[in-house]
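**Q** Produce the entire structure from the sequences given, and follow the hints as far as they go.
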Amino acid sequence: MAAVDIPLIGGHEADSHGDPHANYLKAKRGIGSWMLTVDHKRIGLMYLTMVSLAFLVGGIFALLMRIELFTRGKTIVDAETYNRFFTLHGAVMVFLFIIPSVPAALGNFFLPIMIGAKDVAFPKLNLLSFYIYLVGVAIILTSIILGSVDTGWTFYTPYSVQTANSVISMTAGVFVLGFSSILTGLNFLVTVHTMRAPGITWTRLPLFVWGMYATALIQVLATPVLAITLLLLITERFLGIGIFDPKLGGDPVLFQHFFWFYSHPAVYIMIVPGMAINSELIATFSRRAIFGAFAVAMSSIGLAILGFLVWGHHLFVAGMSEFATMLFSALTFLVAIPSGVKIFNWTATIYKGSIVWASPMLYAMAFIFLFTIGGLTGLFLGTLSVDVHLTDTYFVVAHFHYVMMGGTVIAFLGGLLYWWPKMTGKMHDEKKAKIGFVLVFIGFNTVFIPQFIMGSRGMPRRYYDYLPQFEPFHKASTIGSWILAAGLFLTAYTLLEALWKGKTAPRNPWGSAGYEWATDTPPCVANFHTTPTIKRGPYDYHLATPEELATGWDEVESAHGTKPGASSSAKKA
Amino acid sequence: MANVSESIETRGGEHGHGHDDHAHAHPDFLQHHFDTPAQQFDAAKLGMWVFIATEILMFGGLFCAYAIWRGLEPDIFDQAHHFLNKILGATNTVVLLFSSLTAALAVRAAQSGKRNLTSVYLVVTIVCACVFLAIKYFEYSHKFHLGLLPGHCFGHPGLSGAIQNGQEIGTCLRVHADATPVMPEWVKAVDESGHMQVLPPRANMFFGLYFVMTGLHGLHVIIGMSILVWVLVKNLRGQFSPQFFTPVDLGALYWHLVDLVWIYLFPLLYLVGKPE
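Protein chains in written order, with my numbering: chain A, 1 to 573; chain B, 1 to 276.
Hints were generated in silico from the structure; no laboratory data involved.
Computed from a predicted model, the values in this text were never measured in an experiment.
Glycine included, every Cβ here is placed at the ideal spot set by N, Cα and C.
Check the hints yourself; a few may be wrong.
The calculated label-pair distances, taken between Cβ atoms and stated as ranges, are [to be verified]: (1) A:L141 - B:P74: 27 to 33 Å; (2) A:K247 - B:L271: 25 to 31 Å; (3) A:W202 - B:P74: 47 to 53 Å.
**A** Structure below.
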């Protein structure tokens, strides 16, 4: 029998009753089938639900914070509560949302599919990691109820040792979340090494998988250091062992070193997945192979390695030797090389590409634009003489948000819109998605451009009150936060609306050459009906057959006419 | 690459998935998402190595803190280490090294299909772990008794009412432990070899580090033991064969890590004195 693209054409009627070949959403029913599932796709969706809720909670804290800053003095809450708002905004966004967002949700869903595997290497460990995440969330919620934390998300000593709030439960929650992150990373590393389908060589690995691989490396190597740091902070509070306490001979700056040894690489845990998504979007909607795809892949690994060498740039004014600051400054500039490789190679890919302005592509373009601003302002902060003036101002806040929100969150939204049809089998309304994009883009810039200006004029971060000359900027920033929130809510509505009103999605609605689009929409339990053998790269548009690139809208419409709700190609024929 | 229409093909022709004709055997131990036993073994082994890497990095943070303190305060380490019992520490080192040997022999026995011998070696390893923990228990309780405790627990608050600063009670002189963390003054005490030693201020730093490092290691001994007990139960149920003994292999691998960490802890804490 000639082995022709079985998943592409469909018509696999003999197997539609077999368990591994059923639509993963419908193979089993009931809450129990979700709670105890070891299917990476279902675990990915459960993660997606949780991180979206965390994003909502963190976003509400951000909105409250911005409302408080709308006028000088007290607007809605007192200074103590404001301190808790910014701490919780940071802690929830960093530890509950952005670190697990792309890897644990989208990565879990697509990494095995993109390497042609049936599942991740350790499916039970994958489920365990989700439950550990839930335990971490529960501990953090308890901590919030018990009085919350006002230290900022960085838990700097000596304040975190002295403050009367529930630092122990909050750090214990973060400690537990770290385990979840480690297990996900470990799973992905092993999966990429051992589970690739025949023909998926390292050079044919999709860039999303490369990005997940680099992220997993950082998760596995950096997170244990956070674990021991938080453990020491907890023993410090319990027993006063004195490692970070100058009264007992310790050194509070050591905490900063330990903390940033994790948390700087963690910044790359957050941004590299965003870049990974962006590579997929750019290739699909330019209909071109990524320019220098292997260099883009290596730049992810480069970022993972460099990420471990630059933590000192968070401590330029904290008390380090002059020589050390110079060294860390120089190393920090090296980060611009892999970042630049990505930006230039994406731009070169778009050049003479056949561009489709779908909503995910709009997000991909926004990523390039916003991340470039975020990256270039990073150079200001890596420069010693400038950093001394900009440290702990709104400039840092704006820089960080241009990278994390303008980078990762934008890519996450783009990725969600891009893969939503594959995950749910339903198409969203492109018009609403684009309006949502415009609101997000305008809102985001309105929030943070004023913050760059304020910061460069000396407005310190984390302050409850401010001088009169900053008032217009704070007002603009707060109004921007409302536009941004409107855009995000509209996007969320668009995605949810697709679930009950959306058209049935075809196998490959965007006409991509990526491997994940070759299987059913939504995928079957085993991802592919048989282990695929891959004979071309994921961006080889010149090698892909017309039927592989066909969007399949005609087929869906004809199927839709005869059998509404038919989502699996197996049901046709 | 000539035939582009087959660029993503499936191997459906060889083994039909609807009616598996067992073109290759699919043994019971092989999980559904792996194609071959070799793939499953490779995944499990790599997973354990990566996990061991994370463990080493976690202990790495502690070793880093140790290195910084040791560099800043060599005298404290020199004087405080006399209060650790070298004989008991060395005994524990021998016990753990021996248990690593029996763990490795258990893997060899499992590999050659000798089920009973595997069980014997596993039991010996687990007994060694118990001996290690028992010795650690005696060491810890002695420290508790002397009040050589971390941080602001240093100086045994339970006895604080009965002593004054610098006054001798039993074999050890302590400072009064305040409710707030204070820097203990110079104290004199009889060390493990019966000599009167001077403990400098902030000696509680050393004991803080001692308890955190050995405590975390002790936790790993307990985890390692639990894994070995689980492996033993599986072995007694006859779930291993020369074709499948991965849990024995990985359990032993983890046990070697536990051993390895102690190999570093012992000299760094017990034998850290300056040369004469």
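**Q** Does each hint hold? Answer for all of them.
**A** Going down the list of hints, with the structure as the test:
{"no.": "1", "hint": "A:L141 - B:P74: 27 to 33 Å", "verdict": "violated, 46 Å"}
{"no.": "2", "hint": "A:K247 - B:L271: 25 to 31 Å", "verdict": "holds, 30 Å"}
{"no.": "3", "hint": "A:W202 - B:P74: 47 to 53 Å", "verdict": "holds, 48 Å"}
Violation of the numbered hints given earlier is confined to hint 1; every other hint is satisfied by the structure.
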